[in-house]
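Full structure from sequences and hints, please.
Once you know that position 93 of the sequence shown is 93 in the UniProt record's numbering, the rest is easy, because the numbers rise by one and skip nothing.
Simulated from the structure, these hints should not be mistaken for laboratory data. One thing to keep in mind: the hints can contain errors.
Said to hold, decoys possible - Computed cross-link-like contacts, DMTMM-like style, restricted to lysine to aspartate or glutamate with a CA-CA straight-line distance of at most 20 Å:
{"hint": "1", "residue 1": "K85", "residue 2": "D135"}
{"hint": "2", "residue 1": "K143", "residue 2": "D119"}
{"hint": "3", "residue 1": "K89", "residue 2": "D128"}
{"hint": "4", "residue 1": "K151", "residue 2": "E110"}
{"hint": "5", "residue 1": "K89", "residue 2": "D67"}
{"hint": "6", "residue 1": "K164", "residue 2": "D67"}
{"hint": "7", "residue 1": "K87", "residue 2": "E64"}
{"hint": "8", "residue 1": "K143", "residue 2": "D67"}
{"hint": "9", "residue 1": "K143", "residue 2": "D155"}
{"hint": "10", "residue 1": "K164", "residue 2": "D176"}
{"hint": "11", "residue 1": "K87", "residue 2": "E136"}
{"hint": "12", "residue 1": "K184", "residue 2": "D155"}
{"hint": "13", "residue 1": "K77", "residue 2": "D150"}
{"hint": "14", "residue 1": "K89", "residue 2": "D174"}
What the hints assert, rightly or not - Simulated restraints on C-beta separations:
{"hint": "15", "residue 1": "N98", "residue 2": "D135", "range": "16 to 24 Å"}
{"hint": "16", "residue 1": "A107", "residue 2": "V66", "range": "20 to 28 Å"}
{"hint": "17", "residue 1": "D135", "residue 2": "G79", "range": "35 to 43 Å"}
{"hint": "18", "residue 1": "Q149", "residue 2": "G170", "range": "40 to 48 Å"}
Treat the numbers as computed from the prediction; the structure is a model and nothing was measured. Note that beta-carbon positions come from the ideal geometry of N, C-alpha and C, so glycine has one too.
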Amino acid sequence: MNKYFSYLTGILILISTFSILNSNVIADSGQYGQYGANLSILIDKMVAKPGGGVQTKGGIVNYEYVDNLSPSDIRYKPGNQVIFKLKVKNTSNTSISNVTVKDFVPAYLEPIEEPGTFDSNSRVVTFDAGSFAADEEKTYLLKMQLNSQDKMPADKGLFCLTNKAQAYNGNISDDDVAQFCVEKEVVGTVEAPKAGPEMGIFMMLGELGLLGIGLKLTLTRRK
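Laid out in structure tokens, this is it:
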């Protein structure tokens, strides 16, 4: 009888232990996805080199995009168009949804073509990137235009701007920046000749000459 009771007690303990372990696995699966999937997202922002792209046979213009342009690289001019490329990738091993992308537009730059809406007060472009399958990548282009020279900072002949972009949903987020530089055009001015000592002598001689002519005419009339 005692052996039977001990055997039954052991079975009950095993069943109870298995139930606890199974409930923990289910809880972990519900919180983090199947088998504890790690969610992550990546955004890569690039800027096109100035000077225009190369047109292909199909009429498509291919631009060369880089992560950043330093002051020693080729520079943009006031009024030029600047094109940015955004690559958003789901680097998770499971799908993600409700991804939003924001682009923070710097001063002296105005969006002219963008995939979302531009808030002129906050200077932010926002658009819905939707859902991504595991390892899926989407590409977006944003075309902007620099202000004219008269709307550029008066005390800077060469300066650089940084454009930031961010991709996120409720659980994950990533951001990246792209830098480019602007060189203002030098406007030449014609300097008027300064009145030195030589100019003063010439002016005095001219006045004396006119005075002599006036005296001669006066004497001639009196005769």
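20 Å Cα cutoff - pair K89, D174 | holds (10 Å)
Could one say that the CB atoms of D135 and G79 fall in the range 35 to 43 Å?
-> With a Cβ separation near 41 Å, D135 and G79 satisfy 35 to 43 Å, so the hint holds.
If you draw a straight line from the CA of K87 to the CA of E136, is it 20 Å or shorter?
-> Status holds; Cα separation ~10 Å.
K89 paired with D67 [C-alpha distance capped at 20 Å] | The hint holds at about 16 Å.
Would you check the hint for K89 and D128, treating anything up to 20 Å between C-alpha atoms as holding?
-> holds (14 Å)
Between K151 and E110, is the straight-line Cα distance small enough, at 20 Å or below?
-> At roughly 12 Å apart (the allowed maximum being 20 Å), E110 and K151 satisfy the hint.
Sort out whether D135 lies within 20 Å of K85, counting only the CA atoms.
-> Judged against 20 Å, a Cα distance of about 19 Å means the pair holds.
Does K87 pair with E64 here, judged by a C-alpha cut-off of 20 Å?
-> holds (15 Å)
Quickly compare the C-alpha distance for K143 and D119 to 20 Å and report which way the hint goes.
-> holds (16 Å)
Is it true that the C-beta distance of A107 to V66 lies inside 20 to 28 Å, as the hint says?
-> For A107 and V66 the Cβ distance comes to about 22 Å; the hint holds.
20 Å Cα cutoff - pair K77, D150 = Status holds; Cα separation ~12 Å.
Holds or violated: K164 with D67, Cα cutoff 20 Å?
-> holds (12 Å)
In this structure, the one hint that does not hold is number 9.
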